[in-house]
Structures are given as C-alpha cells and as structure tokens.
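Taken in sequence, the protein lines are chains E and D.
Using our numbering, the first residue of the first sequence is number 363, and each one after it goes up by one.
Using our numbering, the first residue of the second sequence is number 363, and each one after it goes up by one.
Accuracy of the hints is not assured; some may be wrong.
In this list, chains with the same sequence are indistinguishable; a pair is considered to hold if it fits within one copy or across any two.
[Claimed, not checked] Here are the simulated DSS-like cross-link-like pairs (lysine-lysine), alpha carbons at most 25 Å apart as the crow flies:
#: 1; residue 1: K520; residue 2: K417
#: 2; residue 1: K489; residue 2: K453
#: 3; residue 1: K489; residue 2: K528
Just so you know, these hints were derived from the structure itself, not from any lab.
The structure displayed is predicted, hence computed values, not measured ones.
Protein chains: 2
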Amino acid sequence: MRHGLIIVNTGNGKGKSTAAFGTLFRAWGRGMRVCVIQFIKAETGNWGEIRAARKLQIEWHTLGDGFTVLSKDIEKTANRARHAWELAQEKITSGQFDLIVLDEMTYAFHERWLDIAQVIAWLQEHKPAELHLIVTGRDAPPELIAFADLVTEMREIKHPYTRGIKAQPGIEF
Amino acid sequence: MRHGLIIVNTGNGKGKSTAAFGTLFRAWGRGMRVCVIQFIKAETGNWGEIRAARKLQIEWHTLGDGFTVLSKDIEKTANRARHAWELAQEKITSGQFDLIVLDEMTYAFHERWLDIAQVIAWLQEHKPAELHLIVTGRDAPPELIAFADLVTEMREIKHPYTRGIKAQPGIEF
Numbered sequence: 363m364r365h366g367l368i369i370v371n372t373g374n375g376k377g378k379s380t381a382a383f384g385t386l387f388r389a390w391g392r393g394m395r396v397c398v399i400q401f402i403k404a405e406t407g408n409w410g411e412i413r414a415a416r417k418l419q420i421e422w423h424t425l426g427d428g429f430t431v432l433s434k435d436i437e438k439t440a441n442r443a444r445h446a447w448e449l450a451q452e453k454i455t456s457g458q459f460d461l462i463v464l465d466e467m468t469y470a471f472h473e474r475w476l477d478i479a480q481v482i483a484w485l486q487e488h489k490p491a492e493l494h495l496i497v498t499g500r501d502a503p504p505e506l507i508a509f510a511d512l513v514t515e516m517r518e519i520k521h522p523y524t525r526g527i528k529a530q531p532g533i534e535f
Numbered sequence: 363m364r365h366g367l368i369i370v371n372t373g374n375g376k377g378k379s380t381a382a383f384g385t386l387f388r389a390w391g392r393g394m395r396v397c398v399i400q401f402i403k404a405e406t407g408n409w410g411e412i413r414a415a416r417k418l419q420i421e422w423h424t425l426g427d428g429f430t431v432l433s434k435d436i437e438k439t440a441n442r443a444r445h446a447w448e449l450a451q452e453k454i455t456s457g458q459f460d461l462i463v464l465d466e467m468t469y470a471f472h473e474r475w476l477d478i479a480q481v482i483a484w485l486q487e488h489k490p491a492e493l494h495l496i497v498t499g500r501d502a503p504p505e506l507i508a509f510a511d512l513v514t515e516m517r518e519i520k521h522p523y524t525r526g527i528k529a530q531p532g533i534e535f
C-alpha cells in the first residue's frame with residue numbers, strides 16, 4: 363500500500379517550490395492525480411510553471427496576492443491565505459488527488475494567519491493515508507518538521523543577483 | 363538579452379535532480395527548448411520523470427548504467443559517463459536548446475572520469491552565452507561552484523527511510 367508522505371522543502375535557497383514542481387512532473391508522468399495550491403503567489407502572475415500546468419490541464423490554484431512585507435492591506439493577504447487553507451482542506455478530503463502541493467504555506471504559519479497546531483491536528487484526523495502532501499516555504503515551523511516524513515533544507519550557496527544578473531524567465535519564474 | 367546561467371544543485375539531500383526537473387517544467391511552460399542528459403541513471407529505468415518527458419516529447423538521454431559503488435565493471439560506467447559528456451558537448455553547441463540539464467554529472471568529477479578544469483575550459487570557450495545549464499549531484503567540486511552563477515545545497519533534515527518507509531513511486535522516482 364502506498365504510504366502518503368508529508369514532505370517539507372524549506373530553507374533560504376532556491377529550489378523549494380521548484381523541487382515540488384519537479385515532483386509534480388514526476389508524479390504526473392506516472393499518471394498520478396496532482397494539484398497545486400499557492401498561498402502567496404499572485405493570481406495575475408504569468409509564471410512558467412503555471413503555463414506548463416495549463417498546457418497539461420493540471421489543477422493549479424493561485425490564491426495569494428503576491429504578499430510582501432510591504433503589502434498595504436495585510437488583512438486582505440491574511441484572508442487569502444486562510445481561504446487557500448480552506449480550499450486545501452477541500453482538496454485533501456476530496457479523494458480526487460494523489461499528490462497536493464501547498465506552495466509557500468509556511469508564510470501563513472510564520473505570520474500567524476494559520477495555527478500550526480490546528481493544521482496538524484486537522485491533517486492527522488482528515489488526511490487520507492495514501493495522499494502525498496508537499497509543503498514549501500522558508501522557516502518551516504518545528505512542529506511541521508516534527509510531523510513531516512521527509513524534510514529538505516535548500517541553502518543558498520551562491521546567487522546571481524549578487525553578481526548583478528537579473529532573474530531569468532523560464533529559470534526562476 | 364538572456365543571460366545563460368550555470369546552475370548547480372548539490373548537497374546530501376533530496377531535490378537536486380527534482381528541482382532541475384521543476385525548472386525544466388517551468389522552462390517548457392514558457393516554450394523554451396529543453397534537454398536532459400543523465401550521467402548515472404540507467405537506461406532501463408522506468409522513472410516518473412522519464413515517463414513525463416516522453417509524454418511531452420522532451421529530449422531525454424539516460425547514458426548511465428545505474429552506477430553504484432558496488433558496480434562490477436567500473437570502467438564501463440566510466441566510459442558511459444565520458445560518452446554522456448561527449449553527447450552534452452554536442453547538444454551544448456547545437457544551438458537547438460535553451461536549457462540543458464546535466465543530471466548527476468558531479469559523480470564523474472568525483473570519480474575522476476572527467477576533469478573539472480578541462481570541462482570548465484571547454485564551457486568557457488564553447489557554451490553559447492544564452493544557454494542555461496543545470497548540473498546536479500553530490501559533492502560539486504569547488505571549481506564548479508566558483509564557475510557557477512547559482513548554487514544551492516540541498517541538505518537532508520529528515521528522511522523517511524530512517525523511519526522504515528520505502529521509497530514511494532511518483533515521489534522519489
């Protein structure tokens with residue numbers, strides 16, 4: 363029987379979301395039913411990964427509004443993140459998926475828009491045993507790391523911005 | 363103008379190749395021309411990522427023979443890795459690609475099947491300026507890190523094998 367893993371990609375480096383999308387690609391290759399819920403990324407973005415998902419008819423929800431620390435209406439951002447979790451709960455219990463990516467969800471814990479203890483308690487009760495979940499984002503809370511099966515920290519060793527090279531389409535977004 | 367990045371995903375954790383495949387997915391979403399050359403992975407594998415690539419008609423070469431430290435015929439493995447580099451050189455200079463993934467290439471440096479100084483000198487002379495390259499694998503040599511634009515270390519924080527959970531199809535392979 364399949365053992366649904368709780369996977370966490372955290373750290374200050376690149377590759378947290380990207381590795382989640384790589385897993386999605388791999389799972390999709392095996393005919394698994396996959397879904398992405400993005401907690402932060404703005405709906406209006408025209409990201410390479412969203413274009414790819416559209417081409418492949420992968421279910422993909424962008425529920426954030428492009429949160430930054432300078433966001434003018436933080437309560438609106440918080441509400442969008444809470445709405446993303448409600449949608450995630452619906453998808454998790456739907457029985458329609460084998461793998462769900464909760465992209466940049468950790469920010470919602472960090473900003474206290476969501477309570478980590480409540481989220482874990484809900485998952486323990488409601489997550490189907492076979493369903494794989496991937497949670498990405500910086501500063502994963504210790505409770506989430508304790509709860510997870512597979513945790514990887516992506517550490518930045520060297521970044522092109524520091525060499526004056528701009529973000530490259532198709533590579534970084 | 364596009365600045366072709368040299369990207370290195372290294373470290374002892376999961377997600378080195380997976381993040382490369384995520385970038386591939388993203389770049390493919392933008393209509394970029396992508397190609398993968400795997401230095402170690404055996405041709406006979408029926409991996410989720412290869413199935414996905416086949417569905418998307420992405421050019422994908424598996425030139426390894428599933429190298430392990432217990433491999434019986436190490437010279438054969440070495441020759442396959444050298445052949446992978448020859449193919450990579452051909453693809454790099456072909457003008458047919460925007461992004462090429464050199465998956466698990468670092469093992470070839472580590473095992474001294476390829477000379478890192480020679481490879482870098484060749485890239486400096488022959489790599490088109492706009493072409494992005496991603497090199498993955500443990501123990502990336504310092505020369506490669508110095509040469510790269512973007513380097514991420516994937517660190518294992520927690521792994522399900524240590525909890526007695528087997529590798530899960532579609533997630534880890």
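Hints versus structure:
no. : hint        : result
1   : K520 x K417 : neither (32 Å within a copy, 34 Å between copies)
2   : K489 x K453 : within (10 Å within a copy, 45 Å between copies)
3   : K489 x K528 : between (40 Å within a copy, 19 Å between copies)
Of the numbered hints given earlier, the model fails hint 1 alone.
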